[in-house]
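Guided by the hints, dock chain Z onto chain F, whose structure is given.
Below, each chain spelled out in residue letters.
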Amino acid sequence: MTVTNHSLLVVLIAAGVTYGTPLLYAALGELLAERSGVLNLGVEGMMLVGAVMGFWTVERFHTNSNVALAAAIAVAALAGALMASIHAFLVITLRASQIVSGLALTIFAGAAGLSSYLGNDLNLADLPAAHTFNPVFPSSMRQWRVIGPILFGHNLLVYASWALVVLLILYLNRTRLGLNVRAVGESPAAADAMGINVAAYRYAHTIAGGAFAGIGGATYTLAITPQWVDGITGGAGWIAIALVIFAFWRPELCLVGAYFFGALLDVAPELQARQISLGPTVLWTNSVPYIATIAVLVLVSASSVKRRLGAPAALGIAYTREER
Amino acid sequence: MQVRIERRLSQPRWLAVAVPAGSLLFAFVTAGIVLLATGHNPLTEYRKLFDAGFIEPGALDQTLITATPLMFTGLAAAAAFRMRLFNIGAEGQLYVGAITAGAAGLYFGGNGGPSAFAIAAMVVCGCLGGALWASIPGVLRAFFKTNEIITSLMLNYVAGYLLTYLIFDSESYWRDTSGFNATVFPTGKALPNSALWPAWTIHLQGGIPVPLGLGFALLVAVILFVLYRRTRFGFEVQVLSDSERAARYGGVRVRRKILAVMAISGAIAGLGGASQDGDFRHMLDGDPNGLQKLGYGYTGIVIAALARYNPFAVVAIAFVLGGLENAGNTLQGVDFPAGLVGVIQGIILFSALGGELLVRYRVRVGRRSSTGPVSAAA
Numbered sequence: 001m002t003v004t005n006h007s008l009l010v011v012l013i014a015a016g017v018t019y020g021t022p023l024l025y026a027a028l029g030e031l032l033a034e035r036s037g038v039l040n041l042g043v044e045g046m047m048l049v050g051a052v053m054g055f056w057t058v059e060r061f062h063t064n065s066n067v068a069l070a071a072a073i074a075v076a077a078l079a080g081a082l083m084a085s086i087h088a089f090l091v092i093t094l095r096a097s098q099i100v101s102g103l104a105l106t107i108f109a110g111a112a113g114l115s116s117y118l119g120n121d122l123n124l125a126d127l128p129a130a131h132t133f134n135p136v137f138p139s140s141m142r143q144w145r146v147i148g149p150i151l152f153g154h155n156l157l158v159y160a161s162w163a164l165v166v167l168l169i170l171y172l173n174r175t176r177l178g179l180n181v182r183a184v185g186e187s188p189a190a191a192d193a194m195g196i197n198v199a200a201y202r203y204a205h206t207i208a209g210g211a212f213a214g215i216g217g218a219t220y221t222l223a224i225t226p227q228w229v230d231g232i233t234g235g236a237g238w239i240a241i242a243l244v245i246f247a248f249w250r251p252e253l254c255l256v257g258a259y260f261f262g263a264l265l266d267v268a269p270e271l272q273a274r275q276i277s278l279g280p281t282v283l284w285t286n287s288v289p290y291i292a293t294i295a296v297l298v299l300v301s302a303s304s305v306k307r308r309l310g311a312p313a314a315l316g317i318a319y320t321r322e323e324r
Numbered sequence: 001m002q003v004r005i006e007r008r009l010s011q012p013r014w015l016a017v018a019v020p021a022g023s024l025l026f027a028f029v030t031a032g033i034v035l036l037a038t039g040h041n042p043l044t045e046y047r048k049l050f051d052a053g054f055i056e057p058g059a060l061d062q063t064l065i066t067a068t069p070l071m072f073t074g075l076a077a078a079a080a081f082r083m084r085l086f087n088i089g090a091e092g093q094l095y096v097g098a099i100t101a102g103a104a105g106l107y108f109g110g111n112g113g114p115s116a117f118a119i120a121a122m123v124v125c126g127c128l129g130g131a132l133w134a135s136i137p138g139v140l141r142a143f144f145k146t147n148e149i150i151t152s153l154m155l156n157y158v159a160g161y162l163l164t165y166l167i168f169d170s171e172s173y174w175r176d177t178s179g180f181n182a183t184v185f186p187t188g189k190a191l192p193n194s195a196l197w198p199a200w201t202i203h204l205q206g207g208i209p210v211p212l213g214l215g216f217a218l219l220v221a222v223i224l225f226v227l228y229r230r231t232r233f234g235f236e237v238q239v240l241s242d243s244e245r246a247a248r249y250g251g252v253r254v255r256r257k258i259l260a261v262m263a264i265s266g267a268i269a270g271l272g273g274a275s276q277d278g279d280f281r282h283m284l285d286g287d288p289n290g291l292q293k294l295g296y297g298y299t300g301i302v303i304a305a306l307a308r309y310n311p312f313a314v315v316a317i318a319f320v321l322g323g324l325e326n327a328g329n330t331l332q333g334v335d336f337p338a339g340l341v342g343v344i345q346g347i348i349l350f351s352a353l354g355g356e357l358l359v360r361y362r363v364r365v366g367r368r369s370s371t372g373p374v375s376a377a378a
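So the sequence lines, in the order shown, correspond to chains F and Z. For the first sequence, our numbering begins at 1 and goes up steadily by one. For the second sequence, our numbering begins at 1 and goes up steadily by one.
Extracted from the complex, chain Z is given alone in its bound form:
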């Protein structure tokens, strides 16, 4: 008896659905074992998670609030990872986008112009900020072949310090400096009303507000899908990810692609930052225990990998994991340890990775083929 792993010649379609679904199932079973081992009942914990994420009144509101930034960071990761450009700096790019969009919102929202104009300015500035921040590792990778994984990650820490600095350690444009309270408890300056992003209400569960950012995220998903599936640019990116040598030979300008893909990825994350300001926080959140504690950028990587970099799958999975994350935040406390959600996410990612093997290879258990040396000797 022997286990053999052979490359599949064609990838059956059903596996593309079965593998992520199986990964989710496997992850919940394995995390259940972790829960049992640490003295919790997995079924009650999961029930609580599901209720808090999707069922209870107000749960879906919160889930959309968590899922929206995750869609942006997931799409940002998917856009870059598709070219095997491992931009893990969506976290920092989101902060920088929040900073630049915050400035735009304060500036253009304050001088009495139309709300649409202020919002458009925030979108543009958020994208630009994120794209610029992502271009640092992009330029270094394109011109010096510097590993983008480490540089983009290091910049997350720098962006975090920058964000904290703007609100806590300086008298910056973003900081509220009016009144006594604001000097004792540093906080961001509130965005003017015309810079706040509107929301639509779905009449379910007594009205669920759908933030404008969610609409933008869906739009980005469509654009990314078309860009990668239907354009020359997308085709070249695909060739480049399969074989850089073949791409160069075919005349693809590799440097430009690296710069463009990093900038696109960063712009998406930056737009997520703009949505944080406009949709949810209504100011620049510099608190080290606020936005920075949530790790949207890192969860985005899980989502992108699980979605196998398909933009529409990113949106769907961001919703599911957003619910999970939201439930984790709501329940966090004595009988629901923090970090459990991260554990489940990690296991989901591991099983999705292991499941890739089943997509790419065929696993055979049994004797060697009849023409092999074994039967020849018999």
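Okay, chain F solo, but in the shape it has when bound:
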């Protein structure tokens, strides 16, 4: 955050939007997969591969900035989708444990795996990004009091994520396809009897979820940092998985939750930037997003509203016709 003449609260909200955007993309992707009944714990890994491949694209393709960035997002989405398709094959076709397979995906693709291999092998460390997503609106608008930084201070990825939230709400609640997805997630046997291809729906949504996670990862390397370092997401993928639970599997609540956690992620750096000495509290401010994740999860699971408000009934369970 370069603008420091705004009040701390405004800055934190604006930062919440900035740092919450990758969480939002990843959470929306996970939401899609989970709504179809597939739990994918590989979000962190998919984000990291998206981050490294998006960054690689802008470094290697010397075209004008807009083309390069569009290509980077496409490549990141593709990379994330590829990772998700491994998980989809294992859990949908081979009926492997969704939990273990998701963990395997994070280990395979994560900070000590494929993303690190690619980043180091392609020599991407310590380079500044050749192209980055910049704020869309002119700086005069960004200086407006309060709403300037919060609403107009962002790049295209942020506004695209807002559109994505609206699209997902419409898709899940107002279209035939969305209805089918929910049926597959709630009762695959009933969906199968209706003539819906359960496996096809699960594949499609798990892979689409991976694509969103890939874009979420690329948000770090193309907009937030913007450079590549090993393990750049720092656990964001896991926070995104938790977000889907707090959001009761609803896209609009994912947005609220993502911005809340985005703001928490910025508390420590923001206080340091303002020369407010943290002293012994540096430990707590760094840990806040992780502890808050646990706290909110406990609240949600303890209040037993979970069953009424959205967990897909068939989440995590492989579907086989013979064994219903």
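Warning: the hint list may mix true and false statements.
A few chain F positions that, by computed beta-carbon distances, are all more than 12 angstroms from chain Z [stated by the list, open to error]:
(1) Leu127
(2) Gly178
(3) Ala208
(4) Arg274
One-sided excerpt, in silico: chain Z residues whose CB lies under 7 angstroms from chain F [to be verified]:
(5) Phe86
(6) Ala142
(7) Phe144
(8) Thr146
(9) Thr151
(10) Tyr157
(11) Tyr165
(12) Gly295
(13) Pro337
(14) Gly339
(15) Val343
(16) Gly346
(17) Leu349
(18) Leu358
(19) Val359
These aren't lab readings, by the way, just hints derived from the structure by calculation. From the three backbone atoms N, C-alpha and C, an ideal C-beta is built for every residue, glycine too.
For chain Z alone, kept in the frame of chain F given last:
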């Protein structure tokens, strides 16, 4: 023609060996394709890996140093996963065990008591620290049904910050505050000699030191095996993992089992932390690029899954993957990209998972059975 997947009525014994072996082979072939695609020769890379992990002078020393913590984290994961309690917090539990054992080593090693006493105190405190840290997700799971996967993982980050904080951002008991050098380059206080763990030497390759921690890991493997195969506790855990409803009906106290299994799992990881202090680092390592970069807790999950949660298989596989990891660390550089070892581990895990299908199901390719609708119509 049709592919049919049927549940096996009995699981043939040979598959239990063939599947992990086949997984390893498949993983190396697939990773070889990744290597080829990125312009490396897989055969030379694998040769280098094997030499650096097991053959070169000093390689086995290093491999044991890497394999020991992996045995602890692998056993920790296996202990919990067996009950379908997905504790992926062995990483953080190991840090906390290192912190508590470090305090015990500094305290009891410094006041002139016998070495055995200091070591015993470190073992106990390491286990307690890990068990306490693991009990946070354990209690939350038992009493609020909070998903232990996410909570235990989030606590890994918190434990990492705590570890760094103790050495870098505070004047804690663990930090070396003597002298000018120590204030510029923060480091842990060296453990007194009587708190250092002894090692035995095997006379191979000019002497390979076997750390005391390795002995503890073997002991833990035996205890776990007996606990899960030969006791009522283990039987109840097994029933619980197969069907929670059946277990409740049979009078198993589910909450207690969750608490106990999480604590056991955490204690094993914490003992791994104690071994880090006593065997290898001889202080509390708070460097974000030191212990925390190695990800022993996560590799432990790979090992446990590959071993199908069998404690003795965990020990054997930890040795193999320890060699792989050690080779990866040694070779890491320009012509050997970091992360390759993680890629291979991930693929091993994927193929082991896919291979599970072959253990549990029979795959048949061919026409439907003769009594099916196809022949009836003919």
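Structure-based check of all given hints:
No Cβ of chain Z comes within 12 angstroms of the Cβ of leucine 127(F); the nearest lies about 16 angstroms off, and the non-interface call holds. Non-interface call for glycine 178(F) relative to chain Z: holds, since the shortest CB-CB distance, roughly 26 angstroms, exceeds 12 angstroms. Even its closest Cβ contact with chain Z, about 21 angstroms, leaves alanine 208(F) beyond 12 angstroms, as expected for a residue assigned away from the interface. Every Cβ of chain Z is farther than 12 angstroms from the Cβ of arginine 274(F); the closest lies at roughly 18 angstroms, confirming the non-interface assignment.
Against a cut-off of 7 angstroms between C-beta atoms, the interface hint on phenylalanine 86(Z) holds, since the closest Cβ of chain F lies about 6 angstroms away. Interface restraint check: alanine 142(Z) against chain F, minimum CB-CB distance 12 angstroms, threshold 7 angstroms, status violated. Interface hint status for phenylalanine 144(Z): upheld, as the beta-carbon distance to the closest one in chain F is roughly 4 angstroms, under 7 angstroms. Nearest Cβ of chain F to the Cβ of threonine 146(Z): about 4 angstroms, under the 7 angstroms cut. The hint holds.
Given hint, threonine 151(Z) at the interface with chain F, holds; its Cβ is 5 angstroms from that chain's nearest Cβ, closer than 7 angstroms. Because the smallest distance between the Cβ of tyrosine 157(Z) and any Cβ of chain F comes to about 5 angstroms, under 7 angstroms, the interface hint for this residue holds. For tyrosine 165(Z), the interface hint holds, the least distance from its beta-carbon to any beta-carbon of chain F being 4 angstroms, beneath 7 angstroms. Of the supplied interface hints, the one on glycine 295(Z) holds, with its beta-carbon coming within about 5 angstroms of a beta-carbon of chain F, less than 7 angstroms.
The beta carbon of proline 337(Z) comes within 4 angstroms of a beta carbon in chain F, closer than 7 angstroms, and the hint placing it at the interface holds. Checking glycine 339(Z) against chain F: minimum C-beta separation of about 3 angstroms stays under 7 angstroms; hint holds. Taking 7 angstroms as the C-beta cut-off, the interface hint given for valine 343(Z) holds, the closest approach to chain F being about 5 angstroms. Checking glycine 346(Z) against chain F by beta carbon gives a least distance of about 2 angstroms; that is within 7 angstroms, so the hint holds.
A distance limit of 7 angstroms between C-beta atoms decides the matter here; for leucine 349(Z) the minimum to chain F is near 4 angstroms, and the interface restraint holds. Interface hint at leucine 358(Z): violated, since its Cβ lies 9 angstroms from the closest Cβ of chain F, which is beyond the 7 angstroms cut-off. Contact between valine 359(Z) and chain F, as hinted, is not supported at the beta carbon level, the nearest pair being about 11 angstroms apart and thus beyond 7 angstroms.
Hint check: violations occur at hints 6, 18, 19; the rest are consistent with the structure.
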